[in-house]
Every structure is written in C-alpha cells, then in structure tokens.
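**Student:** Here is how the chains run, residue by residue.
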Amino acid sequence: MDEVEQVEYEQVPGTMLTDSNAICDFLKKTKVQDVLNWGRKNSLWFMVNAMGCCGVELLATGMAHYDTDRFGIIPRNSPRHADVMIISGYVTKKYLPALQTVWDQMPSPKWVICFGDCAISGGPFYESYSTHQNIDEIFPVDVFVPGCPPRCEALIQGFVELQKKIIAKKDKGTEY
Amino acid sequence: MDSKSVMNAITSKFPDIHFVFRESDIRITGRVRAAKVVEVCQYLKEEVEFGHLCCEFGVDYPERNEIEVVYVIGSYEHPVILTMKAILPRDNPEIESVVPVYWNANWYERETHELFGVQYLNHPDLRPLVLTEELYGEWPLRKDYEGFPNKTARNLV
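From first to last, the protein sequence lines are chains A and B.
Each residue of the first sequence is one higher than the last, beginning at 1 in my numbering.
Each residue of the second sequence is one higher than the last, beginning at 177 in my numbering.
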C-alpha cells in the first residue's frame with residue numbers, strides 16, 4: 001500500500017489529473033461537444049425574474065398560449081434549476097447586488113438575454129442617477145431583444161437566436 | 177361641508193394660515209408655518225374629520241432658496257381635498273414629523289428625507305428607504321444635484 005501512495009500520477013502514462021480542465025478542453029475539440037450543445041440548446045430553462053414592465057411579457061411567454069415547451073423553453077422558479085437569466089428591465093444600483101447573487105446561484109452552463117430597451121441602453125431611465133448602465137459589461141450577454149416592451153414572439157425569436165449561437169459554438173456561456 | 181366652510185373652519189382656529197387660492201369646489205390650497213404643522217394636522221384629523229393623508233412630498237426652489245413640504249390631506253366625510261404647504265429654508269430644512277397624527281406618513285417622510293434632505297424631527301425611524309448607502313447625503317432630487325445627468329452610458333448607435 002505504501003508503494004501505491006507514493007506513485008506520482010504524472011509519471012503514469014495515459015492519465016490526466018481531474019482537477020484540471022484538460023478533459024473538458026479535449027472534449028470541446030471533438031464531436032462530443034456538438035452532442036452536448038444539441039442537448040443544451042433544446043433545454044433552455046429560463047428563470048422567472050420579472051424586473052420591470054417587460055417582466056409581464058416574460059411571464060406571458062411562459063404561459064400555455066405560446067407553448068414554449070415545444071422548444072424546451074420552460075420557466076423555472078429557482079435560479080438553481082435555470083439555464084437562462086433574462087434581464088427584463090432597468091437595473092437600479094440597489095438591485096444589482098441581488099441580481100449578481102442570483103447569477104452566481106445559477107449552475108453553468110448559463111446564458112443571459114437582455115430583454116427590452118431598459119436593460120439594453122437604459123430606455124427612459126437613461127442618464128438617471130439611480131440606474132446602472134452598460135449591463136453588458138457586467139454580465140456576458142448573448143442576445144439583445146429590443147422593444148418597449150418586446151412582444152412574446154420577439155422573446156421566442158431571441159431564444160431561437162441563442163439556440164443558433166449555441167449550435168455554432170459562438171455563445172458566451174462556454175469558453176471554446 | 178364644502179370647501180368654503182372647511183376654509184372658514186380652519187381659518188377661525190388658525191388665523192395665520194393663508195389660503196392663497198381655491199382651485200375649485202373640491203380642492204383648496206393653503207400655506208402653513210412649519211412650526212405649526214403637527215398642531216394643524218391634529219386639528220384637521222380630530223375636529224374637521226380629515227382622516228386620510230393622501231401623500232407628502234417635497235419641492236425644491238433653488239432661486240427662492242426654499243424647500244416646500246407639501247401635505248395632501250383628504251377626507252371621507254367632506255368632498256374636499258386640502259393641500260397644505262410648509263416652506264423651509266434650503267440650507268437647513270427641519271420640520272416636525274406628522275407620524276404621531278398620520279401613521280402612514282412614515283415612509284413618505286423617509287423618502288422625502290433621502291431625496292430632498294428634509295430633516296424630520298421626532299421621526300420614529302428615519303432610515304434611507306429606496307436609495308443605496310453610497311447615494312445617501314447627495315439628495316438627488318434637489319435641482320442642483322451634480323450627478324443627475326449621468327452620462328456614463330455608451331452610445332450604442
């Protein structure tokens with residue numbers, strides 16, 4: 001037993017240390033990543049985080065009328081179950097720490113969609129004293145959905161664009 | 177009571193309240209001295225049945241060097257809404273809190289305190305309400321607030 005414990009793993013041929021990203025980095029270059037991305041793009045569960053008036057459209061998108069389950073887009077109430085965070089409104093300076101906490105609670109891989117003019121550029125709250133500006137410098141935003149507020153179809157199209165980015169390996173949720 | 181008799185009732189008790197104008201039969205506006213606000217509110221609530229403080233807010237007048245605190249008080253008994261204005265000096269705005277009379281003034285006064293810097297004396301809990309701690313003390317709704325045109329947003333066009 002003593003001899004086994006003294007073995008240095010780097011000297012054993014064909015082994016890789018699991019505390020490095022070597023396996024992941026290797027798999028990203030193979031077809032395995034395509035299969036993984038196919039699975040990820042078809043299960044984009046989004047977090048119900050209605051932040052402003054665009055949040056109403058966000059809630060309506062998750063209802064039965066649009067039936068987003070056929071794309072694998074399902075509203076989840078906990079950030080720990082979700083893959084997509086939708087910033088659906090103005091981010092005030094007081095709310096930003098809470099939003100970052102929610103973002104940290106989401107397990108990887110995860111994506112961000114900026115939904116509505118307020119989240120993209122400030123909207124009517126541009127040049128306000130209490131809103132945080134340039135959200136894309138804080139969160140890795142993949143898709144911007146403009147509108148005030150955008151329709152539910154626009155959000156579904158935003159999800160479709162995100163799916164295209166994931167398939168093309170251009171998304172910011174994973175480092176390729 | 178209509179607005180005229182309400183005005184008469186108040187001016188008979190407090191002769192120094194000036195009702196500057198009567199907008200209509202249901203709205204009257206008056207100025208009150210800042211030291212007498214609680215006394216007037218007590219009288220309004222208990223004697224004239226004005227039991228509902230609709231809102232309370234501040235207005236900044238930098239050219240007159242004044243801050244106005246406005247009380248809008250409604251009644252369930254009379255079809256009259258009374259607007260009461262108290263004028264404070266801009267460099268040291270201090271006024272007695274009306275929370276002992278109208279309990280719902282608590283959050284109105286906390287918000288007016290952090291946005292305009294009005295100091296409410298004898299307020300039960302004068303903490304900031306909606307702003308972050310870094311913004312406290314800047315009084316962002318005053319007209320000479322420096323950080324108001326916050327031009328850090330990138331031009332996306």
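Misleading hints may appear alongside valid ones.
Stated by the list, open to error - Far from chain B, by Cβ distances over 12 angstroms, these chain A residues were calculated:
id, residue
1, S78
2, K93
3, L96
4, P107
5, G122
6, I156
Said to hold, decoys possible - Listed below are the simulated DSSO-like cross-link pairs for lysine-lysine, each with C-alpha atoms no more than 30 angstroms apart in a straight line:
id, chain 1, residue 1, chain 2, residue 2
7, A, K94, B, K319
8, A, K31, A, K110
9, B, K319, B, K221
10, A, K28, A, K164
11, B, K319, A, K93
12, A, K94, A, K169
Hints in this document: simulated from the structure, not taken from any laboratory.
No experiment lies behind these values; they were computed from the predicted model shown.
The beta carbon of each residue, even a glycine, is placed where N, CA and C say it ideally should be.
**Student:** Does each hint hold? Answer for all of them.
**Tutor:** For each hint, the structure was consulted:
Even its closest Cβ contact with chain B, about 27 angstroms, leaves S78 of chain A beyond 12 angstroms, as expected for a residue assigned away from the interface. At roughly 5 angstroms, the least C-beta separation between K93 of chain A and chain B is not larger than 12 angstroms, which violates its mark as non-interface. Listed as a non-interface residue, L96 of chain A fails to keep its Cβ farther than 12 angstroms from every Cβ of chain B; the least gap is roughly 9 angstroms. No beta-carbon of chain B comes within 12 angstroms of the beta-carbon of P107 of chain A; the shortest separation is about 29 angstroms.
Its beta-carbon lying about 5 angstroms from the closest one in chain B, G122 of chain A breaks the requirement of being farther than 12 angstroms from that chain. In this structure I156 of chain A is separated from chain B by more than 12 angstroms, as the shortest Cβ-Cβ distance comes to about 23 angstroms. Of the supplied pair hints, the one linking K94 of chain A and K319 of chain B holds, its CA atoms being roughly 22 angstroms apart against a limit of 30 angstroms. Straight-line distance between C-alpha atoms of K31 of chain A and K110 of chain A comes to about 21 angstroms, which keeps the hinted pair within the 30 angstroms bound.
Using a Cα cut-off of 30 angstroms, the hinted pair K319 of chain B and K221 of chain B is violated, with the two alpha carbons roughly 33 angstroms apart. Between K28 of chain A and K164 of chain A the CA atoms are separated by roughly 17 angstroms; this keeps the pair inside 30 angstroms, and the hint holds. Between the alpha carbons of K319 of chain B and K93 of chain A the distance comes to roughly 21 angstroms, so the proposed pair stays at or under 30 angstroms and holds. A distance of roughly 35 angstroms separates the Cα atoms of K94 of chain A and K169 of chain A; the hinted pair therefore is violated under the 30 angstroms criterion.
Violated hints, in rising order: 2, 3, 5, 9 and 12; the structure is consistent with all others.
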